[in-house]
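Numbering (our numbering), first residue to last: 92 to 309.
Check the hints yourself; a few may be wrong.
[To be verified] Using C-beta positions, here's what the derived DEER-type ranges look like:
(1) Phe206 / Ile153: 40 to 48 Å
(2) Gln186 / Gly266: 20 to 28 Å
(3) Ala295 / Gly154: 40 to 48 Å
(4) Gln171 / Ala292: 32 to 40 Å
(5) Asn228 / Gly163: 15 to 23 Å
(6) Gln186 / Phe206: 17 to 25 Å
(7) Ala295 / Gln171: 26 to 34 Å
(8) Ser188 / Ser224: 16 to 24 Å
(9) Gly293 / Tyr248: 18 to 26 Å
(10) Gly309 / Asn220: 25 to 33 Å
(11) Asp170 / Ser224: 12 to 20 Å
(12) Glu210 / Asp179: 38 to 46 Å
(13) Gly309 / Asp170: 13 to 21 Å
(14) Ala174 / Gly244: 34 to 42 Å
If you are wondering where the hints come from, they were derived from the structure by calculation, not from laboratory data.
Glycine is no exception: its CB is placed at the ideal position from the N, C-alpha and C atoms.
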Amino acid sequence: MTPRPLARFAAVAAATGFVLAACQTPGDQTRDKTAAGAGLGALGGAAVGGVIDDGGLAGVLIGAGIGALAGGAVGTYMDQQEAALRDDLAGSGVQVSRQGEDIVLSVPSNVTFDFDSAEIKPQAYPTLNEIASTLRNYEQTTLRVIGHTDSTGSDDYNVDLSLRRAQSVSRYLQGQGVIAPRIAAFGAGEAQPVASNATDAGRAANRRVEMVIQPFTG
92 MTPRPLARFA AVAAATGFVL AACQTPGDQT RDKTAAGAGL GALGGAAVGG VIDDGGLAGV
152 LIGAGIGALA GGAVGTYMDQ QEAALRDDLA GSGVQVSRQG EDIVLSVPSN VTFDFDSAEI
212 KPQAYPTLNE IASTLRNYEQ TTLRVIGHTD STGSDDYNVD LSLRRAQSVS RYLQGQGVIA
272 PRIAAFGAGE AQPVASNATD AGRAANRRVE MVIQPFTG
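My request is simple: use the sequences and hints to build the entire structure.
Quick look at the structure:
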């Protein structure tokens, strides 16, 4: 995962006061399956390429009073945040994993959404509240919220549904005090399965929302 496309995207989101596709409607051709299949870094870059320079996010976050991490402080900071998340989310159904310095939270969609819905279920509020609390305590990070679906339905519909779910989670976290410049939302649709779509169990595993927490290093 590459942070620079995210940097450009999040800065644009801050300037507009919303997170990805605020003016888009279901079926908008800017979210075609080619963009989704190209990978999230490419999707982010395509969405905002040339709009703002790579240093844009740094200026926005520093202006919001958030300093950049540097050197050996990055690993320690992310270790502490990971430990806090593992403790707070124990028993919630959320999987916490580490990819380099990034922390990845995988939230099964049945925990968060009803079938074919982008409205967050009330039972998910406590889990999202815990995530928001940790993000507020560890503010020197940015967040990608990525929606995923199984292969049921058309590619375009799945991209749209996954994006709407990511946006719902993003808005909820903002409502809990995580500032908008830190968050970017993406819809991957069915393009990045973690299991086979040939079985019920595999399709259930593929229906998820991932949150990728990345250190802000300026």
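Hints breached by this structure: Those not satisfied come down to hint 12.
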